[in-house]
Amino acid sequence: MAKKLMKGNEALGEAAIQAGCRYFFGYPITPQNEIPSYLSRKLPEVGGVYLQAESEVAAINMVYGAAGAGARVLTSSSSPGISLKTEGISYIAGAQLPCVIVNIVRGGPGLGGIQPAQSDYFQATKGGGHGDYRLVVLTPSTVQELVDLTMEAFEIADQYRTPVMILGDGIMGQMMEPVEFNPPKKRELPEKTWATTGCEGREPNVTNSLHMAAEDLENHNLNLLAKYKEIAQNETKYESYETGDADIVLVAYGTTARICKTAIAELRKEGLKVGLIRPITVWPYPDKAFEEVMDTAKEFVCIEMSTGQMVEDVRLAVNGRKPVHFYGRTGGVIPSPQEVADKIREIAGGVK
Amino acid sequence: MDWVRVWEKPKSLTDKMLHYCPGCTHGIIHKIVAEVMDELEIREKTIGVAPVGCAVLAYNYFNCDMQQAAHGRAPAVATGIKRVHPDKVVFTYQGDGDLASIGAAEIVHAAARGEKITTIFVNNSIYGMTGGQMSPTSLVGQVTTTSPFGRDENHAGSPIKISEMLATIQGAAFVERVSVHNVPHIMKAKKAIKKAFKLQLEGKGFGIVEVLSTCPTNWGITPVEGLKWLEENMIPYFPLGNLRDPEKEAK
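One line per chain: the protein sequences are A and B, in this order. Read in order, the letters of the first sequence correspond to residues 1 to 352 in my numbering. Read in order, the letters of the second sequence correspond to residues 1001 to 1251 in my numbering.
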């Protein structure tokens, strides 16, 4: 298939359609508006439904209804909108319904700004909503990967009956790159025998997140935990980039990882041995990638567009065995490769 | 002579024992909704949405596919279901705390979209499940745990007339307020609910039946006094009758 030059947000919309998603419920917010705009034009062409809800709260609950009714369904938003959606996300996780949620992150807190950021990491990976649940969180770093991971997200959601989040940022959504659409490896997906489709010829189905007895709810949470362990076992994804001989291992995801790669090329020319761990799933977190380099790496440096959120997971993965540094810009400021390189040079000064 | 069966429990209700308090009319309303589902033979093609509040366990009682929704979000959940299964019957069953307070936007916009769903809105002028707090439909002067000196309209505003409000929305095809405080009104309530479901089957648009209901437990009176309180206090403020009907409007 010929490559096509597409904007990230639009490519994501197309990927969802090609993954068999036929329902989108959302509410406009910058910088992800090309997703609903694209789908409002394209979904009707394939017999699907685009519906603009009255709020993010309503949108995610429409997703709950459609997912419970057995459909492949998508919603997208940006940071303040995702905050509103967290109520519904908790219910969807509790009722074990599959769906894909896109967060094209902008700076916060509050209304924040509209420039790209990575400051929703805590919200995405540490819950966001109430209760003992996890989201599978995928972090693309190219438009091609945005496409591939969006398609994969629907498969993961259906396989495990769980909501999956695509965590991008404003750059990811707005930039254009050539992409091709290749369907993901076919998984053996369980039939949606639990879906509410009308109970003709069977016992009624109920989608529910209420467990009144404490022991019932504890069992439910333990079942969810077992599922999350299985997901961690099977679905953890990461890229190790030039880490084989690296003294200094950078850790970054998404757009920031690309900036780091440019900085690494510059530093390598100067003879500094620098590599990168790029988590592709930030939940489950790729601890294994750290074990692979633990004997050789001398320092870890977490680079983020936040005041330091993922650095906590880096510290957990390193677990005190090596120093962990942090460099971040926030509020929508994008760190330049030079800034990152300067930080590494500064740290390298201490590496002997 | 052979026995002739003159009455049986609706097939659209399960055999589970209702948890509702003595004197609460949720049981009557459940029964007439279930009878309507039986009579229209739609049990196997119906998907219901249960609210948060006293009727949260409705999914245990209605013998059809059910989804349990977050507080106030039932119309949004129903929208998602109906858009996936436009050929199925989708209803929400909601109380006044759920629909008139936290879920006010969801019901208004489901009506505005002319969403082809049916809403059974059970209004008893108080929060039941959480223990008798003031609701948006508590009457002026009504004593509740959070309006201990009686609802003061200068402080807490006046009770919302949901049916009148929704009747101004173009997409609301059918709006009727009924009561279940005595048998003739129960019959009328069933008729309205049946009509609302029928209109959904005909694809006519959004339908809501507001059912005035009792809460003797949180009103602090006996079940019989409760029926009387509803008649004497609620009906004058929430007048019964049809506010929107496509047949009426066609004439």
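Hints are not guaranteed to be accurate.
[To be verified] Some chain B residues close to chain A (C-beta under 7 Å, calculated; not the full set):
1. E1041
2. K1045
3. I1047
4. Y1059
5. M1066
6. Q1067
7. A1070
8. R1073
9. I1081
10. K1088
11. S1101
12. T1130
13. L1240
14. G1241
15. E1249
None of these hints come from the bench; they were simulated from the model. Built from N, CA and C at the ideal position, the CB exists for glycine as well.
Hints, verified against the model:
no., hint, verdict
1, E1041, "violated (11 Å)"
2, K1045, "holds (4 Å)"
3, I1047, "holds (5 Å)"
4, Y1059, "holds (5 Å)"
5, M1066, "holds (5 Å)"
6, Q1067, "holds (5 Å)"
7, A1070, "holds (5 Å)"
8, R1073, "holds (4 Å)"
9, I1081, "holds (4 Å)"
10, K1088, "holds (5 Å)"
11, S1101, "violated (14 Å)"
12, T1130, "violated (15 Å)"
13, L1240, "violated (29 Å)"
14, G1241, "violated (28 Å)"
15, E1249, "violated (25 Å)"
In terms of the numbered hints stated before, the structure departs from hints 1, 11, 12, 13, 14 and 15, listed from lowest to highest.
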